[in-house]
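> Use the sequences and the hints to build the structure in full.
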Amino acid sequence: MSHIWTMIAKRLALGVVTLFVVSLIIFLGTELLPGDFAQEILGQAATPETVAALREQLGLNDPMHVRYANWLGDILQGDLGESLANGQSVSDLIGRRLGNTLALAGYAAAIAVPLSLMLGILAALFRNSVFDRAANASALTSISFPEFFVAYILIFFLAGAGGMFPSMSNFRPDADFADFLYRAFLPALTLTLVVTAHMMRMTRAAIINLLASPYIEMARLKGMSPMRIIVRHALPNALAPIINVIALNLAYLITGVVVVEVVFVYPGLGQLMVDSVAARDMPVVQGVALVFAAAYVLLNLTADVLATLSNPRLVHRR
Amino acid sequence: MKRPYGHMNVRRRTVLKGTAALGAAALVTPWGTPLRAQPTQGGTLRVAISTGGTTDSLDPGSWDSEFMNFQAHTRNGYLTEIGADGSLVPELAESWEASADASVWTFRIREGVQFHSGHVLTGEDVVASINHHRGADNTSAAAPIVADIADITADGMTVTVTLSAGNADFPFVMSDYHLPILPAQADGTIDPATTDGCGPFVMNNIEFGVRADYTRHDGYWKPGLPYFDAVEQVLIFDNAARQNALISGEVDYIDSADLNTVHLLERAPGINVLSITGTQHYGLPMDTRAAPFSDVNVRQALKYAINREQLVDTILNGYGSVGNDHPIGPGQRYFNAELEQKTFDPDRVAFHLREAGLSELTVDLNIADAAFAGAVDAAVLYAESAAAAGVTINVVREPNDGYWSNVWMQKPFVGTYWGGRPTEDWMFATAYAEGVPWNESYWSNERFNALLVSARSELDEDIRREQYFEMQEIVANEGGTIIPMFAAYVGAYSDALAHPEQVASNWRNDGHRIGERWWFA
Amino acid sequence: MGFLTGLFWLFATIAAALAAGWLFRAAAIAASPQGLAREFRTMPLTASFGLLMILIYILVAIFAPALAPFSETEIVGREYMPWDAVHLLGTDNLGRDMLSRLIYGARNTVGIAFATTALAFVAGSVLGLLAAVVGGWLDQLLSRAVDVLMAIPALIFALLLLTIVGTSILNMILVIALIDSTRVYRLARAVAMNIVVMDYVEAAKLRGEGTWRLITREILPNAMAPLVAEFGLRFCFVFLTISALSFLGLGIQPPTADWGSMVRDNATLISFGDITPLLPAGAIALLTVSVNFVVDWQLHRASGLKE
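Protein chains in written order, with my numbering: chain A, 1 to 318; chain B, 1 to 521; chain C, 1 to 307.
Think of the hints as simulated: they come from the structure by calculation, not from any bench. A quick note: this is a predicted structure, and the numbers were derived from the prediction, not measured.
Derived SDA-like pairs: lysine to any residue, alpha-carbon spacing no greater than 20 Å straight-line:
| no. | chain 1 | residue 1 | chain 2 | residue 2 |
| --- | --- | --- | --- | --- |
| 1 | B | K411 | A | L33 |
| 2 | B | K411 | C | Q253 |
| 3 | C | K205 | C | T216 |
Listed below in structure tokens is the structure:
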């Protein structure tokens, strides 16, 4: 087991390096975008004088490496800085929205993960049956539609005039949990439809891939029930790729849902990131990118630890 | 700042054509909404706004989204106001007068106006508020429009403004949305991050890119106003989401409807579409310094190769009118109605190409939907009609992101939009005078520049009209910008809302003053 | 009543699809040489239907100019005309013939999606398997690089890269392939990691087999199933990425027809119950389902199950 702990420590250290490299890439990427903050925030209203004055005021005239070093120095002291656009503290800005983003991701995952595991196992069990085909075809159809389109369809049927659910989920800050579940239902359902197929198909494929193995054959010959074979013998060995896909999809639910946020007017981190990139508001862009990257690194690490634990051969690998 | 300014001194030109008798118990608009003569008090107005972002800021010098603009007029008061009929009316300034050469202006400030904080308005507040946009290295978007102010001083309830050059239209400038009157601090400046104001509603909270909430300002100086108890303002960026919010009753009013589907929205039960044509226009500026656009014949050929009617029908879904390659709207004071309307005309395209000594013409049009809604589609339509006239236009779709800094005024043939300006002089001086920062076609015409200066101080109406007529003709036939269409502001609201018979056209949202002017039926 | 009618049509469509699949299988068996015909006999009806659809898509893509009644870009009428005898599926938001755009869209969309997915798979799986087999510093280097790339949200990364390099079709293929290949890499490596610890791989190593032989002979065959399943999905994710990019204002250069952008252009109509945007979305869905039906069949064969 100590192997696991060393691995976690190593991976966390590597995670910090990853965050650093990500911040460097995002910084360079944003620098390479045409236009800088002064031009973008003044937009069509920019005159050479106001742009120059704004640059001077915000220190945008410093060379690139100086600005990056300043930012990095502040980060190391735990200071994410302030938005160039409106002077709000970046940690406040992110703090307010991170909760929303995690809540929605959690909501969707709470529906999607059990659902897709169950469907995947059943599809593997009844492989090539009508159930398998139907589950597959409908899951595939649901992911073939772009997210915003799924959202529009759900709104048309479930919201709209006299619908059951609100088409907009921007709840007031004082909303309680039940209200949240009600208002965020449609975005959560949209995300569920978007991620379920991927996880379900991976579960099915990973299990079926093992069904021809000699040890499964053995279990079958012993007269074990098919359900028991799959759950007790095939599933544990199929866990690694399944966990991986689940982790990827969870990371997606946290970092990749800007389109759903836009359609349902849900104040999450994605919209903050896109707005800030458009305005080249570097401290905010960097702050959100770090949060996204950290979420990814942690989920990834969890997935790898679980995958390792699920395979004794990996635990004892030297 | 190059954002929809409305026109002020002009006859309103809208789809409102109702002439119901005044004093009747219920007026009926063309949409069949009964308008109650007596507005009622109460209710919470829920408004969905289309543009804005998490990068908005409370600093008035940075306001440029519809979200902040709506906020500006809901929370704040201004020196002057553009009335629903388009005339300039006093707001925080009770009255004003000018010196004979229009270079010194004296404003008399209204007594007893209370800010939400309880602070009482004086001339000092006005001076502090205007000074926020002045001075060297000022980063305010309004800096260019107050640059002519040489000095501004307050003496109790009188504010005196000295201009570096005479400007008969100066009180118009004071209604600009960047110039709200905010309370002065002890050091004679305003706090740009304040949420105080002396407008009809008190701002309780604002989250940029998300929402703002207001309650009625009980000490508001306009008698009986506002009618609503509270206002909820949310940002809904996505067209479909905004329309869905209105249809499902989550909001009472949306500031802009998707022109692709507005005909379907109109049919939805309990929904009214409000379309107001003002001075907002879409254009395609050409860099007149760069070949082939430096040749006026090439520019004329390109102007005759565009099918304006088709663009108005398709891109605006009929909500607008054709443009004639100059920025003056058909409702404005000095609109030149005698100028021949350009139409799609392959023969004249061929003629001008021959004049230019060209056998064929191929140009790139760099455009993104950031230029105006439907810009890429408009460019595709243009390319199709131009192809029929023997001109090849390659539509190059640019990213929305960075469009204004990277493409507009950088590439030789691009797309643009203007909200227009309240006066002919303001519009021409902003984008067509030689060497000004927003002269998007880098155009320069001696005769035009001379007329512009002389018309500004011309007091004889007839001569002035003649001069503006000639300027429109010069811009239309020699200028570097194709202006194929004037676009209406198209919003929508639920049956529950009622509005005065006349709706302002200087901005979206009844001049952004829905909070103060509308009520629940 | 409406529900029953819907149910009737649903079953009628499924029956027709299965019938088409059956006919196609019979034809394929009859037309193929001995070896191939035996393969086709094992083909379930769903896979046969999928194969038929893929074939039709390919034919449509190749012969688009001959099949389309109008040109891809020509404006032939008013916007949003209803379905009639001339414009079988009506017109789009600019008045271009919808059917013709759909047909040309097959060419552009399928071509782009296939190129992107193939590129992502070759790069991702080769590197992933190599990392698992070789291990050590190569694994560390590749895995950390992929970690960094994956830690940046895909859509935002694509937005950033495409804004920098410009949105030509080639750039789009390269950028999406780069981003997708990191996902493929991760999966390939994860699957291979489980295989390299198997006894038969140890044995092969002891036999002194080279890395390349180890990958192609011992690991790839056993890692194939999850990879193939992933291919089926990645393929359709490309359409979705393009569509999402066009939602955010970056997309394929107009007036080129592609289904992802066509969904976006007409999407608001669905709010009013108009099914126009369902056509390009349906075209994507049908292809996705078809590809994955065939993938399922291959998956089943690869698993070695005999039932």
